[in-house]
Amino acid sequence: MSKLTLLFNRTLVLRERQEGATRAQLWINAALVLLIGIALGGFALKRANLSWQWDLLTPYWRLYLDGWKTTLTLSACSLLTSAVIGVTLALSRRSRILPLRYAAVCVVEFIRSTPLLVQIYILFYIGAEAVHLENRFIAGTITLSLFSGAYISEIVRSGIEGVGKSQIESAKAIGLTRFQTYRHVIFPQALRASLPSLAGQFVSLVKDSSLLSIIGLNELTQSARNVASFTFSNFESYLVLAAGYCICTVPLSLWARGLENRMRYET
Amino acid sequence: MKLELNKVCRSFDSRHALLDASASFEKLQSLVLIGPSGGGKSTLLRIIAGLETPDSGSVIVNEKRIAFDEASLVLHRRDIGVVFQSFNLFPHLTALENLLLPLTVAHGHSKTHARDLALHILSRFSLEGHANQKPTSLSGGQKQRIAIARALVTQPKLILLDEPTSALDPEMTNEVLEMVDELRNQGRELILVTHEMAFASRAADQVAFIADGRILESGPPGELFSTPRTPQLQTFLSKEIRR
Chain A
1 MSKLTLLFNR TLVLRERQEG ATRAQLWINA ALVLLIGIAL GGFALKRANL SWQWDLLTPY
61 WRLYLDGWKT TLTLSACSLL TSAVIGVTLA LSRRSRILPL RYAAVCVVEF IRSTPLLVQI
121 YILFYIGAEA VHLENRFIAG TITLSLFSGA YISEIVRSGI EGVGKSQIES AKAIGLTRFQ
181 TYRHVIFPQA LRASLPSLAG QFVSLVKDSS LLSIIGLNEL TQSARNVASF TFSNFESYLV
241 LAAGYCICTV PLSLWARGLE NRMRYET
Chain B
1 MKLELNKVCR SFDSRHALLD ASASFEKLQS LVLIGPSGGG KSTLLRIIAG LETPDSGSVI
61 VNEKRIAFDE ASLVLHRRDI GVVFQSFNLF PHLTALENLL LPLTVAHGHS KTHARDLALH
121 ILSRFSLEGH ANQKPTSLSG GQKQRIAIAR ALVTQPKLIL LDEPTSALDP EMTNEVLEMV
181 DELRNQGREL ILVTHEMAFA SRAADQVAFI ADGRILESGP PGELFSTPRT PQLQTFLSKE
241 IRR
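If you're matching them up, the sequences are chains A and B in order.
Residue numbers for the first sequence follow our numbering, so the first one is 1 and each next one is one higher.
Residue numbers for the second sequence follow our numbering, so the first one is 1 and each next one is one higher.
Everything labelled a hint here was simulated from the structure, so no lab data went into it.
There could be a bad hint or two in this list.
[Said to hold, decoys possible] Only pairs whose alpha carbons sit at most 27 Å apart, straight line, appear in this in silico DSS-like list of lysine-lysine: (1) B:157 - B:2; (2) B:134 - A:165; (3) B:27 - A:165.
[What the hints assert, rightly or not] Only part of the chain B face toward chain A is listed, based on derived beta-carbon distances under 7 Å: (4) 92; (5) 106; (6) 184; (7) 188.
What you are looking at is a predicted structure, and each value in this text was computed from that prediction instead of being measured.
Built from N, CA and C at the ideal position, the CB exists for glycine as well.
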């Protein structure tokens, strides 16, 4: 009996000072967790008494694909613009021009303390209306970029502030101008330090794009909603939706994880 | 080098770091600043380096009065090499890139020319083996020698060293001091803040004793160390000898 306990312990628990799991431990425990997950899910499904009707969805694969493509382009565009907005806001917040600094503070704090849903309504029904912007894709990209840009600006700002005063001092001492200091000393280090958090923010951005369905933008969530209402098969259509987001977010997450690991070894 | 300080004042939050510091040195090759911590020597060095702005007073280096507006300061700093106590190498760049940055960006040299200059300096101080290493993989002494090489590589008129050995182990202190010795022998003009009294008396043409924000005494090291005039210097020297 004690031998069995020992074997269990050896397999399931990391020994003290053991850095990571061995290959055998990884496989056994991953399989274990997967099994438990499937068992729980199966049990819940059985109790909920659902009947799957996947075949109902097949006629609508085109709708999903179009939605997925829109989500992908929307996310990619927003990712780029939000990075630009984020850096601009972060720099404005450090600017010596006070109106610029305070404006940046207000924008960032407003965006971070209100729901995205409200911002989408405000920007689309007031902002876009005021400038006669009717293109939902562009309006959506702008809203999402502003939202994500506010969070990115905080990430970038803490990255910039993480670069020590002594670094800035030696940049001055070797005769760099303020701009050159940012370009060659501050940004490369700040970017490196904030890449993992940035990647995490980009994952959120992809998922946040789902809220844009409320202004009738035909992205992936809107497609799933439509399919669900055509076929009355909520679970099936939303599970496909989840899978569609995973295709975009999992690679981003893995990339972020990879970056984090690399950073750990470098410092 | 000619250095003239006229009533230089600088205070931080109502604490006077420098209070009417005045002195004048002619035909100077190496000046060593000594004195108790918090006495104002680093502040003075940083003002000469153009990294700190005095509240009042003037600093004249080689007949040229330092103008303390940002645009003039950038140009002033390019004529001066600074070595810091804690090395301050750029951690994201290799040793070689640390030398290339001032050459290419601040001084506008071409990449190939900059590379030649940098590698030349590195090999002159037997540091070429570390050219492609990042600062994290170098010892303290190696980092400081690279930092000195970075200060030299742009051929500055004047080199300022702010306690370059204070953050080092005794054995590494030596390798850095030898390098400073070599600079002196090459005829480079330098101003050095140090706690190493033996080194100060060996390396200095002139020593200035700074305490309470003032330059209390200055003169050739032999004279200053054997016959200190002010009680402050007497106490300071007796403490330093006991260390």
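Consistency of the hints with the structure:
1. Proposed proximity of residue 157 (chain B) and residue 2 (chain B) is supported: the alpha carbons are some 12 Å apart, at most 27 Å.
2. A C-alpha spacing of about 20 Å is found between residue 134 (chain B) and residue 165 (chain A), which places the hinted pair at or below 27 Å, so the restraint holds.
3. Note on residue 27 (chain B) and residue 165 (chain A): the hinted pairing is violated, with a Cα-Cα distance of about 35 Å set against a maximum of 27 Å.
4. Interface hint status for residue 92 (chain B): upheld, as the beta-carbon distance to the closest one in chain A is roughly 5 Å, under 7 Å.
5. At a threshold of 7 Å, the smallest CB-CB gap from residue 106 (chain B) to chain A is about 4 Å, leaving the interface hint in force.
6. Residue-level restraint check for residue 184 (chain B) is violated (minimum Cβ-Cβ distance to chain A is 21 Å; threshold 7 Å).
7. The interface hint given for residue 188 (chain B) is violated, since its Cβ lies 17 Å from the closest Cβ of chain A, which is over the 7 Å cut-off.
Of the hints listed earlier, those the structure fails to meet are numbers 3, 6, 7, in rising order.
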